[in-house]
Structures are given as C-alpha cells and as structure tokens.
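Peer 1: Chains as they are written, first to last, in our numbering: chain A, 1 to 412; chain B, 1 to 168.
Zero decoy hints are in this set.
In silico lysine-lysine, DSS-like type, Cα no more than 30 Å apart, as pairs: (1) A:Lys156 to B:Lys140; (2) A:Lys156 to B:Lys23; (3) A:Lys226 to A:Lys45; (4) A:Lys156 to B:Lys6.
Taking CB as the label site, the calculated pair distances span: (5) B:Gly65 to A:Val187: 19 to 29 Å; (6) A:Pro72 to B:Gln9: 19 to 29 Å; (7) A:Ser365 to B:Lys168: 38 to 48 Å; (8) B:Lys143 to A:Glu367: 32 to 42 Å.
Don't read these hints as lab results, they were simulated from the structure.
From a predicted model like this one, the values you see are computed outputs, not experimental measurements.
Glycine residues also receive a C-beta, built at the ideal position from the N, C-alpha and C atoms.
This is what each chain is made of:
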Amino acid sequence: MEYMLLRHRDIDNLNQIDTFLKEDGFEGLKKALKMETTDVTNEVKAAGLRGRGGAGFPAGVKWSFMDNNNWPHYVVANADESEPGTFKDREIMESNPFQFLEGIAISSFAVGANAAYIYLRGEFWEVAHFLDEKIEEMEKAGFLGENIQGTDYSLKIYTHLGAGAYICGEETALLESMEGKRGQPRVRPPFPPSEGLYNKPTVVNNVETLSSVPYIIKNEADGYRKFGTEKSPGTKIFSLSGNVNNPGNYELPLGTPFRTLIFDEKYGGGIPDGKSIKAIMPAGASSSMVVATDEALDTPMDYEHVQDVGGSLGSASVIVVDDSVGLDWLIAKTMDFFHHESCGKCTPCREGSYWMKKLTERIHSGEGSEKDVELLKDVAYQMQGTTLCALGEFSTMAVVSSIERFPEDFKA
Amino acid sequence: MSLAEKYPQEIEKILAKYPPEQKRSAVMALLYMAMREEGYVSKADKADIAEMLEMTTTEISGIIGFYSLFHDEKAGQYRLQVCTDIGCALRGADQYLADLCKELGVKPGETTKDGLVTVEEVKCLAACDKAPMFQVQSPKGIKYHEEMTIAATIDLIEELRKDAQEAK
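Chain A on its own, in the form it takes in the complex (with noise of 0.2 Å):
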C-alpha cells in the first residue's frame, strides 16, 4: 500500500525542506491558497475525514461550525499524544514534519486564521524544538508568515509545550492550560468552534487529522475515499504494543481486521513465547477489553465495526494481551494511571479513581473478598455518564469489561 501519512518510511530525509519539496510537498497548500475557504472545508467534509484523536468526528463539519460572527479565530494542533499504547503523532512530527505544518497551514487557512499553536506534551521537548526550526524554515521558503506565496493570506505557527498532563489531551483542558491555568476541562457547551482559545472561535484536531489534510486537497474527496471504508474513509496509523512480536506504527486502510495487524509477518508477527492471545485495548487504556475471539479477531478496525464486540476504535492504539497475563493487574495498572490523571474538577472521576484504584489494587493483592469486586463494579456504573469529560467516564471501560467477560480472574 502506498504510504499517506509515514511516507518518510519510503523516502529518505523527508523532514529536510529540499527533500520534501521534491516530493510534491506544499501542493496541497498551493492549491487551497487558490481556493475559497469553504471550498476547502467542503471538500474535507467530502473525504470524511474523521477525527484521529479519538472521537472520531468528522474534521470538516468541526471546521464548518466556526463562528464567523466572532474574530480571531484559532487553530491549535492537539500533539499532547498521551493515552497509554499511543505513539503514532510523535512519528509524524519528527519524520513528516511539514505534511503536519501543511495541514495545519489549510486548516488555518479554510477557518481564516493568522495564528496556530501546536500544543506538544512537555516529554516532546525535543520534538517541540525540532518543530521550531522546520516552521522557521517554512517561513523563509514563503510557506508560513506573511502573504504566503504571494496571497495576501498570513498565518504564524508557535509550539506550545505542556508539561506532563494526560487530561491535557481533552480539547477544553488544553485550551485552559494554554491560557496559562492548570488544565482542567471546561462545561461544554460552549464548545471550541464558538469559544475556544481565548474565548476565540478555535479548531483543535489531532496531528493526524492534520496531517492526512494535504492529500485531500491534493486528491480531492474521491483520491481519499479509494482507502477505507464507506463511513470510515482512509488510512489509520495502528500503534501496536503489548504481548506482540513487532510492536510499531502501521499504517493501514481503516476497515483492516484485527488479525492482520496483529497476526501477519509484514506487521505484529503474532504472539512471542509460544503464548496465544487472550484479550485486545483497541484504544489504549481507556479500551474496553475486548475478548479474543476468532469474530473479533476478524473484525475491521474502523469507527463503526469495533463497536460490534464491545470495544471503540479511538485513538487506535491496540494493545494486545496474552493469555499469560492477569487481568485484576492490568486493571490495576489502568486505575493507577487514571487515578493519577484524574484532574481533580469533578466529584465522580477525582473520588471515583480514588476508590477505583483502591479496590483493583485490594483485589490483585489477593485480598479482596467478593464484595470488593461487587464494589468495585458498583463505584464504576456511577461514575458512568456523571463525568465532567470523557476520561472519568473512560477510567470504568477496561474495569468493567474485565470483570465482565473474564470473570476467573476475579475470583476471591
């Protein structure tokens, strides 16, 4: 398959300028800058380009809610990449950087903004820097800066570097952190496209999202559609990791099932040690765990498929677990880790992780009674839909699909 996103895994030095120009780069950007701005956000909207953060909503209708009774407006590229088992948007920022500033540069220029942040968790400070420089020479090639290629359209690009916060990831908790607060979500609505940055009319997409726009405008709706499926059009980047022989980035048409990801030898190569697989966190740490069947191992990762055997697609970041491993431990790995997150704004997910992590932690220690596990099911059903944001509601998902569908591994 031909790559759209990890392209530099065919051309050598793609995040040198020269290289890049060489390989048809800006073409997208040249072409929108001749465009009208709802042009391009139609055409986006064609390719139904969903969002690649996790949500999974579609980048143009989000592009298409600005208001335009409100001014400035604001991009900001959400490179907070934080969910365990995710680690696709760092490849791209130091691999393709300019496919990403490109996309961004479109976007920018289809919602009329002068002024994009790219918001990097505060462990990508190298990548950050490294950003700075390829926006520094973007601008002296008359991509970026003022009047871009001869258009009276200007647009600067800053890095924003966070400082280790997973719910720094969530749009409205990154916009509060870049306004200089701790990030903690906002009530929605309003939502960003109405007030967003500043109380501006802001985009915020994910680095892939971003970075899969140049093609599209490239080769328009219908070059796009050729990946994918129907309602999940294009290519995906898979983090692959856990129990699997290649862990790694692949980049594959949406609809792909499972089991070629994880099972073939050009991608995860199966499972080490002679061990079979038990279970798979199609999206990170805020997966449901799916059980491995022979249907859900044949079923296509896509925004509507996963669903079917109880999982999300999300951020695709599949990890996978063998039948070596026990479950009460890796929800107690999970609970640890959101319980630390936790923001802290609201009651259910700041008291709810608490106990959560109290109860998984009793529970694998072997000391747990029946009830513990009754509670544990209990604390999580009312933290379910009485969050703030998604990510008290998402700290329930593995602990309650676990309990659920591997109910040995919970037995006093």
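Let chain A serve as the given structure and place chain B on it in line with the hints.
Peer 2: Below, chain B alone, put in the same frame as chain A:
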C-alpha cells in the same frame, strides 16, 4: 539576578507568541526556564514569574503542583523517569525498574547518594513499542532513551556523571 534580568530577549520572544493581553499563556515556558539552573523552581523565581505575568504566587504554585514535569523541590541532577504504564509493563518494565533500583541502591522516588540521579516511576511516555524506556529530565531539557537494558542504563549514568563533572 531575576529571570527577567537574565533572559530578557528570550522572555520577549516567548511573550510575543501570545496576544499582549494574554501573557499568562507564557507561564509554562517561564517555569521551564526557571528550572534550567537547579532543576526546580525557587521561591524567588515564583515571585518573579508571578510579577511578570500579573499572577499570584499561589496560582504559580497551583500550576507547578498540577503538572508532573514542574518541580519546586530539589532532587538529583538528573531525574531518570521510567515508564511502567500498561504498554511498557506488558513488556517487562516493572522488572526493569526493580533491577535498576537494586543496581543503584535506591527505591523509586529516591536519589543516589552522590546526588546525581533520582529514579522516578512515571505514567505513559508514548513510546510503548520501545519498552523498557525512560526519559531523563535535567536542567538542560528532556531526552528519551528507548529499548534500554540495565547495562546500557549504567553506561548512560556514567556519561551523565562525566557531563556533570565537566560542567563543574
């Protein structure tokens, strides 16, 4: 010397990223700047940043407390932050951390006797395919070290020791 006196041009450049009435957006960048010398934000720096950005020192402390990479207490010169989250744990990170701690004679959260390295257990660093891995946070910034072994880690610590001695 205050930060404003030490790095006037760099501060101006950071503030220029944001609209003039939104200077508190610069708080994270200035906190990183404050940690450049000792690896933590001193009381004087807190007051300095608060004044520059028209914030209170309580707000500054609140922000330091919220984010894992900001520190207002002294630790080792290098913070070796090992990921033991699920992706890494499934590939042996817990054992790696235990072995490393044993080798260095510390527990997670503790600093080696010479004050060089503080070993910390941290949440996902987005490098799940390259476990065991850690990042080194130092006054100079943050650097990833992936697919590590105990031997390679000990070699790295020796290099850090040399760097620290040369810096003196």
